[in-house]
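A.B. asks: Using the sequences and the accompanying hints, generate a full structural model.
There are 2 protein chains.
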Amino acid sequence: MTSDVRGFITDAVTQWAEAVGPENVITDASCLRAAESGTFVTHQQISAIVRPADRGEVQECLRIANRCQAPVYPISSGKNWGYGSRVPASDGCTLLDLGRMNRIVDFNEELGYVTVEPGVTQGQLYDFLKERGSRLWIDATGASPLCSLIGNAVERGFGHTPYGDHFGNSCGLEVVLPDGSVIETGFARFPSAKAAPLYRWGVGPALDGLFSQSNLGIVTRMTVWLMPAPEYFQAYYFRVESPDGLAGLVDALRPLRMDGTIRSSSHIANDYKVLSALGQYPWERAHGLTPLPGALLDQLCRELKIGAWNGSGALYGTRGQVKEARRLLRRALSGKVSRLEFLDDRKLRLASRFAKLYERISGWNLERTLTVLKPVYGLMQGIPTDLPLASTYWRKRTPPPAQMDPDRDGCGLLWCSPVAPNQGSHARQLTELVVEIVLDYGFEPAISLTVLTDRTLSCIISIAYDREAPGDDERAMACYKELLNRLAENGYYPYRLSTGAMSSMASPGCYTQLLQSLKQTLDPGDVLAPGRYITVEGSQQEPRKPSTPAH
Amino acid sequence: MTSDVRGFITDAVTQWAEAVGPENVITDASCLRAAESGTFVTHQQISAIVRPADRGEVQECLRIANRCQAPVYPISSGKNWGYGSRVPASDGCTLLDLGRMNRIVDFNEELGYVTVEPGVTQGQLYDFLKERGSRLWIDATGASPLCSLIGNAVERGFGHTPYGDHFGNSCGLEVVLPDGSVIETGFARFPSAKAAPLYRWGVGPALDGLFSQSNLGIVTRMTVWLMPAPEYFQAYYFRVESPDGLAGLVDALRPLRMDGTIRSSSHIANDYKVLSALGQYPWERAHGLTPLPGALLDQLCRELKIGAWNGSGALYGTRGQVKEARRLLRRALSGKVSRLEFLDDRKLRLASRFAKLYERISGWNLERTLTVLKPVYGLMQGIPTDLPLASTYWRKRTPPPAQMDPDRDGCGLLWCSPVAPNQGSHARQLTELVVEIVLDYGFEPAISLTVLTDRTLSCIISIAYDREAPGDDERAMACYKELLNRLAENGYYPYRLSTGAMSSMASPGCYTQLLQSLKQTLDPGDVLAPGRYITVEGSQQEPRKPSTPAH
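Note that the protein sequences, when read in sequence, are chains A and B. Here the first sequence is numbered in the working numbering, starting from 1 and rising by one per residue. Here the second sequence is numbered in the working numbering, starting from 1 and rising by one per residue.
This list has only true hints and no planted wrong ones.
Pairs involving identical chains hold if they fit within one copy or between any two copies, as the list cannot separate such chains.
Straight-line distance between alpha carbons at most 30 Å, and here's what the computed DSS-like set of lysine-lysine pairs gives: (1) K347 / K323; (2) K323 / K336; (3) K374 / K305; (4) K130 / K323.
Hint data in this document are derived by calculation from the structure and do not stem from the laboratory.
C.D. replies: Next up, the structure:
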């Protein structure tokens, strides 16, 4: 590192320490190295971790960043697993860790919303509501109870209830701009506007979208809408035995989603995906070979009653509404699936008590089904869980520890997430392409398709591997990049990018120019999260900070 | 007009004529004067009307505008009645009339969408779908079949079906930026992205919102999502007799909207609003006095069976779904309303044949009810109508002509549209304030409340008057401005502004500065719709073009 750059950073760190207190500036090498480790190969290093306590400190940190030309990279909880964890999109940033800003600043039971800071996690909000005996449900992702609500929403992550589109169910953003000034979006920009936490657009241009998947501002507060608990809830599970069944399934579900009968996402996972949710790679039975041999996959699916495609979803409403939706779902899926099962709280309680007896009577091995599906069942009611996290240990040789931490434990995970039209033909074409590519690179093509909106399928491809297996880091990244390219060639573009691929969608043209002018206007010094979704021309080719360690 | 400015404009007009053909440049004084006339007092004059045929011509027109420093103001159909019609937000613009760009460029029955240009009207799309025997419904506003779909959506107008939030049900904007370059938003920016017309966000910052209620670009193409016709449709109508009943009504409807039982807007109109929908001002019975005497209002309401508040809405679904929703609606409104009636196509057909008989049996004067409610019934099925337009003739002394044109006919109309939380207490507080102010200015406080989203009420206040009545123009504008101010003081801000008040929300501060930097970046010459929602500092005080006629 040249002494110039080191000088800038030392100066900035000193000033940040004054702004947030020295105890909230971390420069310890092992902590920095931990924060530089995600679930796939990265080379970006960080200079320090700064932990502001409130909005005012965030503003001051940005002013210092500008003065010292020292870029910062904000994280909320940093649990952006599969897309980059805490690792910045470019080298030489200081992490701005917003985890201390964890206040729930407003809550309204009747109108169903909560206003939170970036450090508020799914689990924290869940507990908050429970303590108050609230009838409101959150919409949780499967990532972990420790995930930030704001972090996930601004990344446009999604969950499992009718409020699954997280960014679409939030409004009234408080944003610190790169120069340290603050705005609020929508009606929140007006003093004491009554509809500020309730109405998305406000008046005049709607700016919310600018601050999602971007580096144009730091969201320091946001209102999240919450769903009133329904009178009655029933989950459904189905499966098809043959890969060919997928297209018919998607086409059967679409009309029910479009006419509002199904109000939440259906998730459809392939055999590999379910298998990796149930346990680790069967190293012994595979005789150490990878990828999973086809015959063994078939055998495991037969043993564990896993279909080629396995779906779940839920019905929300009064008993009457759910009954009618169930009738329509049965009718739509008739002949399309080999099993369709419904589960509610009562059945779940009974099952726990009489699982063995139940199996004798019904022939349905409820107990095993429950082990598999209970976390998903909870997620569909907005109960956060970290069970899905265990699947990041799929290719590890040791079992997941009690306190799982994929970044620390060398779990390899790359998520590639193309969006396709909600039509069977596209589901088939997309998934066939994915299976071919991922197998070709020697990984298991674990795929889920989520009917996130009426008209689209969000496909999540997990490339799960062991970062400690020699060569796997490079092979997985090559696989991810080939997926991105080949899928784009076929018209399937990702809804979200990993920090390793954020410049991949910046094809030359007016759109990229527009993004760059916006960035130039709001952040002329390129100090906020450089390279994050908006890549300023030339900055990728010539990193401003050398990549030798700063610590 | 100084010779300099005239020189600029003459030069621009010559170049525009070359770009779009001289037959598409209108400078005839009577045409210009007509386009300068809206439904309230304005002083802005226009220099010419230019009618490009396609996106390429729009681009060229903007390049000319920049070269000649001659600002343009785009309109789609120009039917922005009550908010400014075709009149630009600032003086000295040339109208860019996009009406010739009226192609429906894409249509997909299965995925329910249509991609249109700005000149495509509600009526045109309705006919298009009907000709093809499509099962898709549009969502129409009550303004007229001649309203542009894009014009209404980018103004964030709303309608009556579950797709009522027009901007919220569109995506994939093609936008000509002020410098003449073109971008597409969302996935549409990528070549042949399959989800381009289906998915709102795309990847990276979401820019759609920038181009609604703004002057940052001209939307030349947009995808509009369409709703599949439900198996069964049933409208509901209700009323409460006392003004005090409003709060309980709103609180009873909210849970049904929030839990998805009611999927579309309920519209609740006060007595004045319904009265002005039924006919013109009762000049004779009022002995020429205005505003409408209270005793006469009461008498008319009794005669016409109008409640203090009168609601309508619809249920969409299978017969079973609608039946259950009806049960829940009945239960929720029990004791809250004096009447609750349901109407479907069959009842409507029967009613037309046996209205007299039906009245004798049921005591319900169905025929009159139908005359009043049939247009609303159609709107709830996405059938455009121009009947609501007749109410703009409320205070005129002659009946509405067969071809209504409020701009031409001197109909006075100012719409003020505050947003409030979807709670009874706010509905009461807001409407009481409105009634007091509007009566004070001598107009009838015609109010409707639309439960547009789960959490908000969109209130539309119509100040309807006769532009030919001396003093009314000024009084109505003063009333509108006092409404805006007093409502804002009470925390109720408008979702949309008239061209006469677009700078009223630009309070000094970081938000206004941000809007101005965006404008400066995208349109340094301020040639695109100057003053429209974003007011560049100083430009209101010193209009760049003198206000003497250019023709």
